[in-house]
Amino acid sequence: MTAVVAVATAIGLVALWPTGEAPDLAVTTQGIDYVDAAVGGVDIVDCDNPLEGLPTQCQVVDVSITSGPTDGEAATFLSSLIDFSTPRFESGDRVVLAYNDLAPPDFQYVFVEFQRDAPLALLAIVFAAVVVGFGRWKGLRALAGLAVSLTAIVGFLLPSLLRDNNAVAVALVTTSVVAFSALYLAHGVSKATTVALLGTLASVVVITILAAAVAAAAELSGLSGESFQLLRVTAEAIDPRGILIAGIVIGALGVLDDVTVTQVSAVTELRRANPDLPARELYQSAIRIGRDHVASTVNTLVLAYVGASLALMLFFLQEGRSIGQVLSREVVAIEITRALVGSIGLILSVPLTTALAVVAGDVGDSHPGHSHGARRQAGPIEAKDDMTTATPSWDDFGPQT
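Note that the sequence shown ends on residue 401 in the numbering used here; no numbers are left out.
Derived by calculation from the structure, the hints in this document are not laboratory data. Owing to the predicted nature of the structure, the values given are computational and were not obtained by experimental measurement. Note that beta-carbon positions come from the ideal geometry of N, C-alpha and C, so glycine has one too. Misleading hints may appear alongside valid ones.
As the list claims (entries may be wrong) - Pair ranges (Cβ atoms, derived):
no.: 1; residue 1: S328; residue 2: G20; range: 37 to 45 Å
no.: 2; residue 1: A103; residue 2: L150; range: 54 to 62 Å
no.: 3; residue 1: D101; residue 2: S328; range: 40 to 48 Å
no.: 4; residue 1: W137; residue 2: A308; range: 29 to 37 Å
no.: 5; residue 1: E219; residue 2: W17; range: 27 to 35 Å
no.: 6; residue 1: W17; residue 2: V45; range: 49 to 57 Å
Turn these sequences into a full structure, and let the hints guide you.
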């Protein structure tokens, strides 16, 4: 089965591989260059509010350009102090400016963003150090899997979507590549890892179908909030609803493999502790473990999405809208869909993976890919009844009467 999935993934990669030039997405930045700059000094002067024409104050920011066509030059840009959301500049700040040599001299430079590469790079180094320090060799392999995952997203997923390939198909191929690399690199090539992989991919298919059904039933266009600002000019080139479904699938994958690996380990440990345990009891015992895991993981997943849209919900509530009206806003409904569809897929991954692990029989070490040396050979076990020696079947996992 794994070989079939691997071949299908390879075929999908070839068929959907981004080739040629990306299409023109009708976004023009002709004459505009983005340059890095360092703030040298800031003066506060009186000026007019550009939005209302009322008196206010402005920051006159002197900068030194450190990249781009004007590298090494000194420049100045203005920034109005309208409200608390307006950035305040200090000497030493590193910023990104939009430079337009066709604009009037006083307006050739416009503030875009602060440079955040240094703190983010430091955070990434700390993250890698913590992972390797705690996980050691397995942590290093997990980082390798993460690197492959990010490469698949940046090198395949995004370019393929820009070339108007089917977003759902691209997402499924990407999740398969990510699941193969992340699981096998982190846990090693073993029967246990393979079972966890199959459980993960089966759950991904369920999430994809459910996400597509909900997006259609709830009339989710995918064009809302920031995504609307990014995609509204490219709606004819790519499918925004497909992008939404792809995002839900990719977002749920990271939690799925955690649950599936845990369930395979649970089945293996239970079987090792009691080799005579009938398949039905083994399944039910592992399910009880899975319920505890899912109870906390679902809470984490839902709260993560709620936290991401918290400011937005506060804004809508401040407008005087009812809870029902707030929840009906597409930008909020999308986050609810992400959380609930991902949680449903997470819950269903437990019985799916547990059943696969029980049917697969002895999958070896309870920690996929983790070696403890030669295993002790257990002596022959006498059968107590027919149930303990019978080959497990799918009927063992049906509801008891």
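Structure-based check of each hint:
no.	hint	in the structure
1	S328 <-> G20: 37 to 45 Å	holds, 41 Å
2	A103 <-> L150: 54 to 62 Å	violated, 37 Å
3	D101 <-> S328: 40 to 48 Å	holds, 46 Å
4	W137 <-> A308: 29 to 37 Å	holds, 34 Å
5	E219 <-> W17: 27 to 35 Å	holds, 33 Å
6	W17 <-> V45: 49 to 57 Å	holds, 55 Å
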